[in-house]
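Student: Residue numbers (our numbering), protein chains in the order written: chain A, 1106 to 1412; chain B, 1106 to 1412.
In case anyone wonders, no lab produced these hints; they're calculated from the structure. Hints are supplied without guarantee of correctness; some may be wrong.
In silico SDA-like cross-links for lysine to any residue, where the CA-CA straight-line distance does not exceed 20 Å [unchecked claim]:
hint	chain 1	residue 1	chain 2	residue 2
1	A	K1279	A	D1269
2	B	K1279	A	F1237
3	A	K1279	A	F1237
4	A	K1279	B	V1238
5	B	K1279	A	E1208
6	B	K1257	B	E1244
Per label pair, the in silico range of CB-to-CB distance [claimed, not checked]:
hint	chain 1	residue 1	chain 2	residue 2	range
7	B	G1407	A	L1276	27 to 37 Å
8	A	E1231	B	T1347	22 to 32 Å
9	A	A1236	B	E1249	25 to 35 Å
10	A	P1141	B	T1347	46 to 56 Å
Chain B regions said to be covered by chain A (calculated; three or more residues, Cβ under 8 Å) [what the hints assert, rightly or not]:
hint	stretch
11	1175-1185
12	1227-1234
13	1271-1283
Keep in mind that this is a model prediction, so the values were computed, not measured. Each residue gets a CB set at the ideal place from its N, CA and C atoms; glycine is no exception.
So you can see what is in the structure, the chains are spelled out below.
Protein chains: 2
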Amino acid sequence: MKIKVLGAAAGGGSPQWNCRCPNCISLRNGAPGIEPRTQSSVAVSSDGDDWYLLNVSPDIRQQIQDCSELTPPGNEPRGTGIAGCVLTDAEIDHTTGLLLLRENANFRIYSTPLVRRWLNDYFPIEPIVSAFVPREWEELSLGEPTALVSGKGKASTLRVTAFDLDTHPPLFAKAHTGSAEGSVVGLIVEDTATGGKMVYAPGVEAITPALRQAVEGAQLFFMDGTLWSNEEMITLGLSQRTGLDMGHIAVSGNDGSLQWLAGLDIPERIYLHINNTNPILDTRSDEFRAVRETGVRVATDGDAFDI
Amino acid sequence: MKIKVLGAAAGGGSPQWNCRCPNCISLRNGAPGIEPRTQSSVAVSSDGDDWYLLNVSPDIRQQIQDCSELTPPGNEPRGTGIAGCVLTDAEIDHTTGLLLLRENANFRIYSTPLVRRWLNDYFPIEPIVSAFVPREWEELSLGEPTALVSGKGKASTLRVTAFDLDTHPPLFAKAHTGSAEGSVVGLIVEDTATGGKMVYAPGVEAITPALRQAVEGAQLFFMDGTLWSNEEMITLGLSQRTGLDMGHIAVSGNDGSLQWLAGLDIPERIYLHINNTNPILDTRSDEFRAVRETGVRVATDGDAFDI
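Can you make the complete structure from the sequences, with help from the hints?
Tutor: Quick look at the structure:
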C-alpha cells in the first residue's frame, strides 16, 4: 500500500490566515526549522494509479498540484488519479474540498450515516456536487470492512473499516439531537493483496479500548497531533477552548498520546492534524526533539510511505 | 484606491485539477510564458490597512499567504487585513472562501438579496460561519451606493454599487423560481475621498446599456475574460457547454468583448476570471498579442494598481 501525506496540519493550516502565534510568525518570516503545512488529508493506493483520499481538505487544489500522482493521467482531456474519498467526520476542514472536485469526474464518497446526515442537514455538499456530476455516497457501518471501488467501478484490493472515536459534532451541527455514534471515526485501511494495514485517526479524544484494538498489527499509524498541551490555545490568548473541548487529546503529559505511542510496537507512528500553535512543528524545539526521541514522526506535506 | 489581484483565473484555477488542456499541460511542465493563477478575487482598500474582497475564492488561504497586506497586522494574537467581503453572485468559486475565514474575526458580507437567498437555500454559508463568529450580512440594492464599513465598525471612504449583469443561477440553484434580478451583478467601487472609480465584472453575458453606463468615467475596469471563443470548451472536448451557456461573453469575434474594450477611454482595462483553456493565458500566443495590441491587460495573480 502506497501512502502520501497531502496535508499534515489541523484546520486552518500553518500558517493560519489570521494567526500571529510564534509558529505562524516564523513561517511568514521564512525562519529555518519550520515548514508550511496544508490542512490534513492522506492519499492511499494499492496500485499507484487509483488513489483514495482520507478526508478532502479545502487545500485540495494546491495539494493536487503538489502531488503528481493525483493529476490527470493518460491521454483523456479530463481525468484524475482520485478514485474515491473517505470521510472521518463532517468538519469543514475535512469535507470542503469535495466542493472543489465537483467537475467532470465521478467517484464514490464514503462516510458514516451520521456524517452524511449532518452534511445534508447543515452543509449540503452531496446535492451541490451532484448538480455537476452524480455522486454515489456509500455509508460505512462501524466495525465492518468496506471494499474501496473506483468511480469507474474498478475494484481495489483496499478495504476500509471505520471505528468510533469521539462524539463531537461540528460546531455548525451543534443543535443536533439523537445518537452521536459515528460523529468522529478512525479508519483502518487494509490491503488484502499484501496484508498491509494502516490506521488514520486525526480526531482522538481519548485512548479508548477501540483505538488500542484498531492499531494492533498496523505497520503505520497516523495519530491526532493537534496540540502539545490541553491549554495551549488559552495560554497563547487565541481561544477559550481546551484541546479536549475541541475533541483532541494532547500530545504531552501523563494522559497524553506520546507516552502511549512510545510504547507501541508499530514501525511508523506519525503525528498528523497538527495545529499551527503546536511547538512540535518547529524542529528546533524541545518538544519536537522529545517526540523524535520516542521514534515517533511529525508529518510534513509530501511524506510518502510504502507498507 | 489601492487594488490587488488575488486571483485572476475562472473557476477551477489554472491549472485546473482534472484538466489536460494545452495550458494546463504547459503549467504542469513549467513551460515558459504561462503562469499559474488562482481563482478570481480582487482586494480593494482606501487606506492600505482595511481591505475589502470582491468575491472570496476557495484559494483564499493561499492568496492571503501571497499578499502580506491581508496577513494579521499589529500585535494582536489574531487579526486580519480583511475588513469585509462583497459578492457578485452565489457561485462556488466566488463564495466558498467565506467558509475558510470562519475563525475569530468579524467582518460584514455584502450581496444582493437573491444571492443571499440562494446561498441560504442551497449552500448555507451564513449559518455555518455564524456558528463560529456572528456575521452581519448587508443586502445591496441595485443601483444604490452602499458605504463599506469594517468589521470593527470603522467607516471607509469606499462605496460599492451593484448593477445587474446576468440572470444565470448557479448550477446548484437551477431549480429556483421567481425573479432572477440580482443573480449576477457587476460592482462599481468608488473612493469618495479621491474620486477613484473602478468596475469589477467577472460574469458578463452581453455588453448591455447598464454595463456601458457603469464603466463611464472609470479609471480601471476588470472585465470577464473567461473564454477566447464561445465554443472553446466544446472544441477542446472538455464540455458540451458554450461560453454563453455558462453566462460568459467571448473575448474574440465581432460580438466579443475585445472589440468593445479596444474603443473604451479607460486607462486600465483588464481581463480577469480567465478560464484555464483560454489561449490569452500564454504570452507566446497570437491571442495574447492581439489583446495587448489594444492596450488591454491580461491579469496575473499579484497585479497591483493605485487609482
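Student: Closer than 8 Å Cβ to Cβ for three or more residues is the test here. Does the stretch 1271-1283 of chain B pass it with chain A?
Tutor: Contact hint for the stretch 1271-1283 of chain B vs chain A: holds, 3 residues under 8 Å.
Student: Taking 20 Å as the top limit, are the C-alpha atoms of K1257/B and E1244/B close enough?
Tutor: 19 Å, holds
Student: Is 25 to 35 Å right for how far apart the beta carbons of A1236/A and E1249/B are?
Tutor: 32 Å, holds
Student: Is it true that the C-beta distance of G1407/B to L1276/A lies inside 27 to 37 Å, as the hint says?
Tutor: 34 Å, holds
Student: Decide if the proposed pair is consistent with the structure: K1279/A and F1237/A, CA atoms, cutoff 20 Å inclusive.
Tutor: 29 Å, violated
Student: With the threshold set at 20 Å, check whether the alpha-carbon distance from K1279/A to D1269/A stays at or below it.
Tutor: 19 Å, holds
Student: Holds or violated: the stretch 1175-1185 of chain B covered by chain A, criterion of 3 or more residues with Cβ-Cβ distance under 8 Å?
Tutor: holds (count 9)
Student: Does the structure keep K1279/A and V1238/B at a Cα separation of 20 Å or less?
Tutor: The hint holds at about 14 Å.
Student: Go check the stretch 1227-1234 of chain B versus chain A for me, would you? Three or more residues, Cβ under 8 Å, otherwise it fails.
Tutor: That given contact holds, which follows from 5 residues of the stretch 1227-1234 of chain B lying within Cβ reach (below 8 Å) of chain A.
Student: E1231/A and T1347/B, beta-carbon distance inside 22 to 32 Å?
Tutor: 28 Å, holds
Student: Taking 46 to 56 Å as the stated bounds, is the beta-carbon spacing between P1141/A and T1347/B within them?
Tutor: 40 Å, violated
Student: Against the 20 Å threshold, does the CA-CA distance of K1279/B and F1237/A hold or violate the hint?
Tutor: 11 Å, holds
Checked against the numbered hints given earlier, this structure breaks hints 3, 10; the rest are met.
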